[in-house]
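A.B. asks: Sequence:
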Amino acid sequence: MKTLPKQTQVVIVGGGVIGCSVAYHLTRLGWSDIVLLERRELTCGTTWHAAGLVGQLRATKKMTMLAKYTSELYATLEEETGQATGFKQNGLSVLRRIKNVLREMKRGASMAKCFGLEVEVITPREAGEMHSLLNIDDLEGAVFLPKDGQTNPSM
11 MKTLPKQTQV
21 VIVGGGVIGC
31 SVAYHLTRLG
41 WSDIVLLERR
51 ELTCGTTWHA
61 AGLVGQLRAT
71 KKMTMLAKYT
81 SELYATLEEE
91 TGQATGFKQN
101 GLSVLRRIKN
111 VLREMKRGAS
121 MAKCFGLEVE
131 VITPREAGEM
141 HSLLNIDDLE
151 GAVFLPKDGQ
161 TNPSM
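One gets the numbering used here by counting positions in the sequence shown from 1 and adding 10 to each.
In short, the hints are calculated from the structure, not lab data.
Even glycine gets a Cβ: it sits at the ideal position worked out from N, Cα and C.
Some hints here could point you the wrong way.
Simulated pairs of lysine-lysine, DSSO-like, Cα-Cα distance not exceeding 27 Å [unchecked claim]:
{"id": "1", "residue 1": "Lys78", "residue 2": "Lys98"}
{"id": "2", "residue 1": "Lys72", "residue 2": "Lys98"}
{"id": "3", "residue 1": "Lys98", "residue 2": "Lys123"}
{"id": "4", "residue 1": "Lys78", "residue 2": "Lys16"}
{"id": "5", "residue 1": "Lys12", "residue 2": "Lys71"}
{"id": "6", "residue 1": "Lys157", "residue 2": "Lys98"}
{"id": "7", "residue 1": "Lys123", "residue 2": "Lys78"}
{"id": "8", "residue 1": "Lys157", "residue 2": "Lys72"}
{"id": "9", "residue 1": "Lys123", "residue 2": "Lys109"}
{"id": "10", "residue 1": "Lys109", "residue 2": "Lys157"}
{"id": "11", "residue 1": "Lys71", "residue 2": "Lys116"}
{"id": "12", "residue 1": "Lys109", "residue 2": "Lys98"}
{"id": "13", "residue 1": "Lys123", "residue 2": "Lys72"}
{"id": "14", "residue 1": "Lys157", "residue 2": "Lys123"}
{"id": "15", "residue 1": "Lys98", "residue 2": "Lys71"}
{"id": "16", "residue 1": "Lys78", "residue 2": "Lys157"}
{"id": "17", "residue 1": "Lys71", "residue 2": "Lys123"}
{"id": "18", "residue 1": "Lys157", "residue 2": "Lys116"}
{"id": "19", "residue 1": "Lys116", "residue 2": "Lys72"}
FRET-style restraints, in silico, Cβ to Cβ [claimed, not checked]:
{"id": "20", "residue 1": "Leu39", "residue 2": "Ala61", "range": "25 to 31 Å"}
{"id": "21", "residue 1": "Met140", "residue 2": "Glu89", "range": "24 to 30 Å"}
{"id": "22", "residue 1": "Lys109", "residue 2": "Ser164", "range": "39 to 45 Å"}
{"id": "23", "residue 1": "Asn145", "residue 2": "Ser31", "range": "37 to 43 Å"}
{"id": "24", "residue 1": "His59", "residue 2": "Leu143", "range": "37 to 43 Å"}
Start from the sequences, fold in the hints, and give me the full structure.
C.D. replies: Printed below as a string of structure tokens:
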């Protein structure tokens, strides 16, 4: 453990995704007198247990814009900082086998477009081409969000 300074402008408690994000963004705003406290190692707590999925579409426009920003940040973070993130922008396919549910999913895709997200409504055949092991016999359709992805929460 390093010796703590006697004085600092900001103390952040917790080195999970939120604490690290706060430290990163304050630094980007020009703050340099920041101490981040973590009892073990970065991202070893709740963040480490997360699946690392980075999806953009949320229930509100503001939450969607925040998630979109996060996805865009992860796409450039490793190059900017040299810190590995394990981010892969491999997209998300949402599959539906019930017509009524597919209709709701298409409404969600329309909302995603209104929020500025890239989204495609795809046929069962297109879904099968994207995912070769997928059984499409009773598939009604799918939505594909190409900018969604996943990251490694332990990095």
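A.B. asks: Each hint needs a verdict: does it hold in this structure or not?
C.D. replies: Cross-check of the supplied hints:
no.: 1; hint: Lys78 to Lys98; result: 14 Å, holds
no.: 2; hint: Lys72 to Lys98; result: 24 Å, holds
no.: 3; hint: Lys98 to Lys123; result: 22 Å, holds
no.: 4; hint: Lys78 to Lys16; result: 38 Å, violated
no.: 5; hint: Lys12 to Lys71; result: 42 Å, violated
no.: 6; hint: Lys157 to Lys98; result: 9 Å, holds
no.: 7; hint: Lys123 to Lys78; result: 12 Å, holds
no.: 8; hint: Lys157 to Lys72; result: 18 Å, holds
no.: 9; hint: Lys123 to Lys109; result: 21 Å, holds
no.: 10; hint: Lys109 to Lys157; result: 26 Å, holds
no.: 11; hint: Lys71 to Lys116; result: 17 Å, holds
no.: 12; hint: Lys109 to Lys98; result: 31 Å, violated
no.: 13; hint: Lys123 to Lys72; result: 14 Å, holds
no.: 14; hint: Lys157 to Lys123; result: 13 Å, holds
no.: 15; hint: Lys98 to Lys71; result: 24 Å, holds
no.: 16; hint: Lys78 to Lys157; result: 9 Å, holds
no.: 17; hint: Lys71 to Lys123; result: 11 Å, holds
no.: 18; hint: Lys157 to Lys116; result: 18 Å, holds
no.: 19; hint: Lys116 to Lys72; result: 20 Å, holds
no.: 20; hint: Leu39 to Ala61: 25 to 31 Å; result: 30 Å, holds
no.: 21; hint: Met140 to Glu89: 24 to 30 Å; result: 27 Å, holds
no.: 22; hint: Lys109 to Ser164: 39 to 45 Å; result: 40 Å, holds
no.: 23; hint: Asn145 to Ser31: 37 to 43 Å; result: 39 Å, holds
no.: 24; hint: His59 to Leu143: 37 to 43 Å; result: 27 Å, violated
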